[in-house]
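Asks: Make the full structure from the sequences, and use the hints.
Protein chains in written order, with this note's numbering: chain A, 1 to 345; chain B, 1 to 345.
These are calculated hints, taken from the structure and not from any lab test.
Identical copies carry no separate label here, and so any pair may be met within one copy or between two of them.
Simulated pairs of lysine to any residue, SDA-like, Cα-Cα distance not exceeding 20 Å:
| id | residue 1 | residue 2 |
| --- | --- | --- |
| 1 | K340 | Q277 |
| 2 | K340 | A97 |
| 3 | K340 | D121 |
| 4 | K340 | S123 |
| 5 | K340 | R272 |
Everything numeric in this text was worked out from a predicted model, so none of it was measured.
2 protein chains.
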Amino acid sequence: VSLHGEIMEQPSVARRLLERGREPIAAMARALRERPIDYLVIAARGSSDHAAIYAQYLFGVRHRLPVALAAPSIRSLYGVEPRFERALVIGISQSGASPDVVGIVQAARGQGAPTIAVTNDASSPLAEAAEFVLEVQAGAERSIAATKTYTAQLLGLALLSAALLDDPQDERAIDALPDALATALDVDAAARQVALRQATMTRCIVLGRGFEYATAREWALKLKELTAVVADPYSAADFQHGPIALVEPGFPVLAVVPSGAAAEDLLALLARLRAEQGADVLAISDLPDTLGLGEALLPSPAGVPEWLQPIVTIVPAQLHAYHLTLARGRDPEAPRNLSKVTLTR
Amino acid sequence: VSLHGEIMEQPSVARRLLERGREPIAAMARALRERPIDYLVIAARGSSDHAAIYAQYLFGVRHRLPVALAAPSIRSLYGVEPRFERALVIGISQSGASPDVVGIVQAARGQGAPTIAVTNDASSPLAEAAEFVLEVQAGAERSIAATKTYTAQLLGLALLSAALLDDPQDERAIDALPDALATALDVDAAARQVALRQATMTRCIVLGRGFEYATAREWALKLKELTAVVADPYSAADFQHGPIALVEPGFPVLAVVPSGAAAEDLLALLARLRAEQGADVLAISDLPDTLGLGEALLPSPAGVPEWLQPIVTIVPAQLHAYHLTLARGRDPEAPRNLSKVTLTR
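Replies: What follows is the structure, given as structure tokens:
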């Protein structure tokens with residue numbers, strides 16, 4: 001199994017999680033409703049941290065819950081155990097092995113806070129530490145760069161949100177995701193063409209906003225770990241508070257522009273970056289080509305509600321990063337200096 | 001007044017804040033002790049967001065309080081008002097004008113949560129929106145790149161933490177900061193020499209850990225807005241979950257390595273990056289030169305406790321960014337595409 005194979009597996013991984021995960025997640029939601037929860041704390045590293053950013057918008061927008069992304073080093077470096085009074089504490093880790101993430105969940109459970117492990121390994125230390133386990137059922141992931149486990153983490157979190165709200169319309173939207181993921185894969189050839197043109201790129205900005213800030217972060221990480229392009233991700237708002245100064249004529253700006261609340265501002269910013277600063281824009285979007293980007297638009301499937309879009313918009317980004325890896329003469333199975341499981345304190 | 005002048009002003013700005021700020025901040029702390037607070041929510045953009053990251057460690061390590069960095073677009077884009085039950089909500093903004101930050105504080109105050117405006121303008125919309133105002137008293141900041149207002153924000157937050165804990169040892173450590181800031185400025189000529197050697201740099205990684213993650217973020221932002229170097233900041237832990245793949249022989253790695261709990265891991269990582277991946281390391285540190293960096297070590301003042309170090313370690317970083325701006329033939333007073341006050345929704 002190769003990285004490309006694991007990217008292609010994502011529709012069937014989603015189908016499996018929908019089949020096997022709904023029951024246990026519904027049971028978890030019933031149990032959580034009995035607990036006093038004022039806010040969420042999420043501990044995660046790497047791609048899983050981008051699933052945490054998705055959760056920040058998911059539970060913020062749909063449940064009005066503030067979400068704190070834990071700084072695990074407060075415990076691991078400084079030996080201080082935060083107070084988790086009235087918090088729901090979630091650890092997200094593909095392997096479930098990272099000691100810093102496990103440590104936060106252990107501490108929270110010791111204080112009696114409800115805890116969830118979102119992991120691909122139901123017998124991992126993280127799964128053992130948590131009161132509840134949300135197993136993402138993605139099957140073994142062999143490539144070092146996370147792809148199918150990332151979309152499975154997002155889908156697992158979306159299922160939890162839907163189970164907590166219990167709205168049949170949400171369930172129907174989620175049921176349509178495996179087909180949308182299959183459609184998203186159709187961009188493979190177009191992503192390869194774009195990558196061939198970008199083979200000499202050394203740096204770029206990646207923009208997203210709202211729900212799609214998570215996708216911008218994850219796209220940038222794929223580019224860094226696989227292609228060694230220095231890809232700096234920003235929310236469109238933070239970008240205007242300083243880093244916009246980077247963009248000179250020809251500077252590559254990658255953007256995730258879904259339809260929905262975030263579209264208007266981001267489209268206006270991209271148009272300005274092109275017209276006034278000469279940015280070289282590549283976008284992933286389900287919108288018709290309002291920017292006139294032509295081949296520099298990688299389409300994502302239409303009809304996916306905004307809160308679920310990050311589950312499908314990352315697919316063109318994964319394919320883009322994969323093809324750029326090849327175009328730059330690198331091995332997608334062997335990114336430099338990395339191993340599959342990183343054990344940070 | 002120039003950017004360099006404002007950097008040099010920082011000892012006197014700190015002295016003024018200590019003189020004028022202690023009383024009102026002590027009164028604020030007394031009032032806050034009467035309120036039920038389980039966690040913090042902080043809204044900020046740009047450099048102020050890095051003050052928020054400092055606060056995440058400050059209140060996490062010293063007060064055991066989880067800190068959520070607000071995603072203001074949950075309110076501004078999606079029209080959803082988070083519930084701020086049992087939260088202390090802090091907005092940080094130099095100008096106090098950014099509508100998205102003001103919006104979060106307004107919403108929280110409307111719900112009856114305690115709110116603080118950390119701002120340089122006590123008559124700004126942010127100051128008006130908040131129940132409490134922590135005026136950082138930095139004087140008018142004319143340069144577009146924030147320097148003295150950033151260190152003043154950090155010092156203001158440190159004063160609040162000290163007032164809440166009421167430990168005379170803390171007060172003594174804070175009293176020593178203006179002199180430490182003056183010592184930090186001595187690095188000016190050395191920073192210029194380093195900058196001259198790095199004039200052709202186009203990209204780099206900036207590493208910090210724990211309290212100094214804030215400094216890594218702020219250093220990277222100064223480089224981006226002033227020098228147009230793509231500077232990608234990471235905590236040393238997150239860096240090992242992917243981006244470490246970027247480092248090839250000669251790749252510039254900038255690091256903030258204070259003495260204290262974070263030092264050991266970060267020094268080991270830097271030694272490995274140099275020996276195995278050929279990284280070109282530049283460090284800011286108060287440690288003796290254990291890495292044998294020679295002129296690529298910018299010293300920060302010794303004797304500052306770890307929780308206060310970010311207030312002084314940013315100074316060599318500011319000077320480095322300033323001199324690199326000149327070395328690259330750019331105007332430090334006129335970064336491209338930026339204005340002093342950025343009004344994001």
